[in-house]
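Q: Could you put the whole structure together from the sequences, leaning on the hints where they help?
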Amino acid sequence: MRALMLVVGLLCCALAHAVDPIELPDPVLQERYRELSHELRCMQCQNQSIADSPVSLAGDLRRQVRELLVAGKSDDEVRDYMRERYGAFILFRPAFSWQTAWLWLAPGLLLVLGGIVAWRVLRAGAARVATDPEPVEADDERSRS
Amino acid sequence: MNRFLIPIAAFGLLVIVLAVGVDRAPEKSVIKSVLIGRPAPAYVLPDLMAPQPFDVRSMAGRWYALNVWGTWCVECRAEHQTLLDIQKQGEVPMIGLNWRDEDALATEWLQRLGNPYAHVPLDREGRTAIDYGVYGAPETFLIDARGTIVHKHVGALTLEVWERDFRSRLPPDARRGV
Amino acid sequence: MIPEIGLFTCILALLMAVAQAFFGIAGTALGRTGWYAAVPTAAVAQFTFVSIALGCLVYAFVQNDFSVQYVADNSNSALPLMYRVSAVWGAHEGSLLLWVWILSAWTLAVVVFSRALPQRFSARVLGVLGTVSLGFYLFTLATSNPFLRLSPAAPDGRDLNPLLQDPALAIHPPMLYAGYVGFAVAFAFACAAMLEGRLDQTWARWTRPWTTVAWAFLSVGIALGSWWAYYELGWGGYWFWDPVENASFMPWLVGTALIHSLAVTEKRGLFKSWTLLLAILAFSLSLLGTFLVRSGVLVSVHSFAADPTRGIFILAFLVIMIGGALTLYAWRAPLLKSNAGFELTSREAFLLVNNVLLIVAAATVFAGTMAPLISDALNLGTLSVGTQYFNPTFLLPILPLLALVSIGSHSAWRRGRLSEKRGMLLTTLAFAVLFAVALVLGAYSGARVLTPIGIALGIWIVIAALVDPVQRLRRRMSISGGVLGMAVAHAALGLFVLSITIVETYTRERDIAMAVGDTATVGEYEYRFLSIAPIEGPNYDGVRGEIAVFRDDKQIALLRPEKRQYWVQRSVMTEAGIDMQWNRDLFAALGEDLGAGRWSVRAQVRPMVSYVWIAAALMALGGLIAALDRRYRVPAAARESDKVAPAGVGPSTAGAVAAAE
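These protein sequence lines are chains A, B and C, in that order.
Numbering-wise (the working numbering), the first sequence opens with residue 1 and increments by one.
Numbering-wise (the working numbering), the second sequence opens with residue 1001 and increments by one.
Numbering-wise (the working numbering), the third sequence opens with residue 2001 and increments by one.
Fair warning: there could be bad hints in the mix.
[Claimed, not checked] Pulled from the structure, derived: some chain C residues nowhere near chain B, Cβ distances all over 10 Å:
| id | residue |
| --- | --- |
| 1 | Gly-2031 |
| 2 | Leu-2081 |
| 3 | Ala-2116 |
| 4 | Leu-2117 |
| 5 | Asp-2166 |
| 6 | Pro-2174 |
| 7 | Gln-2201 |
| 8 | Arg-2422 |
| 9 | Phe-2431 |
| 10 | Gly-2446 |
| 11 | Arg-2448 |
| 12 | Ala-2548 |
| 13 | Arg-2551 |
| 14 | Asp-2552 |
| 15 | Arg-2560 |
[Said to hold, decoys possible] Here are some chain A residues pointing at chain C (derived, C-beta under 8 Å):
| id | residue |
| --- | --- |
| 16 | Glu-39 |
| 17 | Arg-41 |
| 18 | Asn-47 |
| 19 | Phe-89 |
| 20 | Phe-92 |
| 21 | Arg-93 |
| 22 | Leu-103 |
| 23 | Ala-106 |
| 24 | Pro-107 |
| 25 | Val-121 |
| 26 | Leu-122 |
| 27 | Ala-126 |
| 28 | Val-129 |
[Said to hold, decoys possible] Calculated from the model, a selection of chain B residues having no Cβ within reach of chain C, i.e. all distances over 10 Å:
| id | residue |
| --- | --- |
| 29 | Met-1059 |
| 30 | Arg-1062 |
| 31 | Ala-1106 |
Honestly, the hints are just simulated from the structure, not real lab data.
Nothing here was measured: the structure is a model prediction, and the numbers come from that model.
Built from N, CA and C at the ideal position, the CB exists for glycine as well.
A: Next up, the structure:
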C-alpha cells in the first residue's frame, strides 16, 4: 500500500533524485538556502521538497531562492514570494494565522486534555488503594515483572 | 454513561469530514491558482515569431489566452489540435509561452504541426513561469482586457473545457457567436 | 482458465466468510452450538479458497499472462522472476487480494492456536474476523477485481514501476499488512468480549500475544519502508511525514499503547475500558489508513486515479465496522469496573501516563495528516503540512515519554516502591548525562540543544532496560519471555533514540559538480570521482560511477552509484552507492549529467544510521520474545493447578509459583 502510493506520488517525476551542485559562497547564506529548500514543496512532485526533487521546476525554484537570498531578502520574504505565486500549499510549515491556529494549538491542547484525563484516573486509583482487598506482595520479583 | 459516547460522537464528526473529502476528491487533483483575480505578472521576453521582444503590456485592452507549453511536453502535443481549432474560431488571441525549451525545436514544432499563437514569448529560464505559478505544462490562463487573470486550466485543453470554462467567461463583445 | 479459477475461488472465499460471520455472530447470540461449532471449518475453507485465488494471480504473473488486465498493467516479460511475484501486490487490486489473504492467514492462526479458548468465545472472535473479511471480499470483487481480462491480450506488459523493483520494497507490503491486519485480531477479541458482556484478566492474557506479534510485524514493515527510502530514493532521507507514512505510523503508536494497556489489564484487571477502546482504535486507524490512500482524498496522492466509488465503499465499510464497534463500546463499557487501586508512582500510573502521551502523539500526527482535508471541508482554505510541523509537535509528548520510560519500567505494581530503585536510576542517569556531554564536546561541531538530551535519554533507556535481566543472569535466575522481551524492546528504543539523534546532528552532506578525477571533501573524508561507464541490466541500461573515499590519504571505500533507465517505462532510477560500516554510512548518488564529463554528485557521511533500522528490528524481536512467554502457551488446566498454593506462603514457594507461571 505504501509502496504503491510512493510510486504514484513520484510517478510524475523522473525517478532520479535531485542533486544541486550549486553552493553559495557564503556559508551562512548556504545554510539558509538549504533550510529554505527543504521547507518548500516541489509543486510538480508534491511529496518532495525542492531540495530533493529532480525536476527542472525544482531547479528553477531553488535558483529563485538563491537569487532572493543573495539580493538580501529575509527568510520570510522568500516564503512570501513563493506563497504569492503558488499559494500556501508550497510551504511545508503552515503559517500561523487564524485559519491554521487550530492546527498549531492542537498538540498543546491535546497534551493538556491528556493530562487532565490522566490526573483524574490517577487520583481515582490512588483513592482505591486504601480499600483495596489485595494483600501487599512481599516478593520483590513478582511485583516487578 | 456520557463519556462512553464520546468516541462514537468523534467518529461521527470524522465521517462527515471524510464524506465531504470523497465528494470533493475529483477536484483535488488540481491545485487552485492563487493568482485568480490578480493582475497578470508583467514580462518582456524574446519572441520566436518576431525580431523584437514581446512585451505583454501590448495586450492591454484585449482579452487573451496564455498557453504554457514545451516541445518536451507530451500533453501539449495532445492539446495542439484543440489550440489550432480555437485559433480558427478567431475570437481570442493566444499567446504561447514557450517554457524551458530550445528555440530550434520550438520553431520546427510549430512549422510541422501548425501555429495557433499570435506570439511565442520564450521563457528559456523559467522565471516568468514561476511568476505565473506554473507547475506543470500545459497550463492555460484566461486574462481579461484589464490584465487580470480570470481563470486557469491545468492539463491539456479540450474544446469542451474551452467552451465551459473559457468562452463562457468572455464578455459578449469578445465573442462572435460561433 | 487460471484467472477464472482465481475469480471463482475468490467468490467461494467470500461465501465462506459470510458463513463464518453469520454462524459465528448469530450462532453465539442465539445459543446454537451446532452453528458456531462450524465456524472454524468455514474459516479454514476460506483460507484454502483465497490461497488458491492468490496462487492463480501469482501464476498469471509468473507465466506472463498478459490477457489479464492487471498483469498487463504491472508486469513485463523482461521482469526478473522475483519481481514478477512481488508485482502481484504492486498496485491496488492485487494488494487488496494480499490484504484479504493475510487476514485469512491470521484467522487460520486464531483457529489453530485457540483450542484453549471457550468455543463460544472463539466463535465470536472468528465471526467478527469473518465480517471484516466479508467487507474486503465485497470491495475487491465489486470495485477492484484483479482477474479482469483484457481482450485482445496485450503483446507485453507495461512493466512494474522501477521503484518497486527492489527486494526491500518487495517484502515491505506483506510485512506492513501482516501488522495492520493483525490488529484485526485484537479488534475481534475486543468485539467478542463486548458481545459476551465480559472482560477479565484472562481475556487480556489471550489477547496480548496476538497484539504483540502484529505490532512486531508492523514495526518491521515501517522500518523496511524507511530503509528502502533511504537507499533507493537517492537523497539520503528516511522519514518524510508523508500521509502514507503517517497512515502506518498512527496504528503503530496506538498499538504500542494497546500492548502496554493489555499488560495492566492482564496483571491487575485495571484500565479495561481503555484497553477495549485502544483495541478498537488501533484497527480503526488501520482501516482509516486503507481509506486515505485508496480514495483520492488526500492531495499528496492525487496522481492516483481518484476513484470516488472506492472511497465511498471503504467509507461505508468504516462506518459499519467502527461505528458498530463503538456502539458496542458505548453499551458495554460502562459495566466494566475495577476495584483495584494503585499509587501515584506505581507501574500502573506510569503506564497510564505512557499511554496518554502515546495517544496524544498519535492524535497530533492525525491532526497534521488530516489537516488539509479538515481545512478544505470546513472551507478554511488550502493547508499544507510537512516535516516542519510534525517534528516539533511530535516531540512535545514524546520527549516526556522517553524521560519516563526508564523510571516507569522499574516501578513496582500497585505501590511503586521507587525509593528502592532511586540509587540505581540516579547512577545510570548520571552516567548517561556524562557520556552525552563528553560526546557532544568531543565530537565534531554542530550539536544543537536537543543533541545532548537525545543522547543522554537514549543511553539511559538502554542501560536502565538491561539492569534487570543482567541482575537476574548474575543471580542465575530464570528470565521469562515477558521480562526479556520487554528489556530487549526498551533497550532497542533507547538505541533508536540515540542513533536518530546522532544521525540528525552529525550528518555531513554536500552536493557537488564533479568531473572524473575531481575530489571533494565531506567532513573528514575525501571523495574522489574515479570513473563512469555504461552498464546494462536485465531490463534496464544506464551508467555506473566509481567513487573512492579516502580518509587520511588511505582508501577506505569504493562506492558505485548508478543511474538506470528502464526500457519499458522509460523512467530513470538512482541507485545510491553506500558503504555500510558499524559506525557510519558513506553515501554517494549521481544527479544529473552536466555535460562535458561532469556530473552532479550528492555525497553524505551519515554516522550511526544503520542503527536506526537495527533498533527497529530489535524492537520487533523484543515483541516476539515477549509473545513467546510460556504463560501464553501452557494450557488452562495445567495453569489452574499452579494457583492452588495458598496465600501467606513463604517467599521461596511464592517464587516457585512465580517461576512456574
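Q: Any hints from earlier that this structure breaks? Give me their numbers in increasing order, please.
A: none
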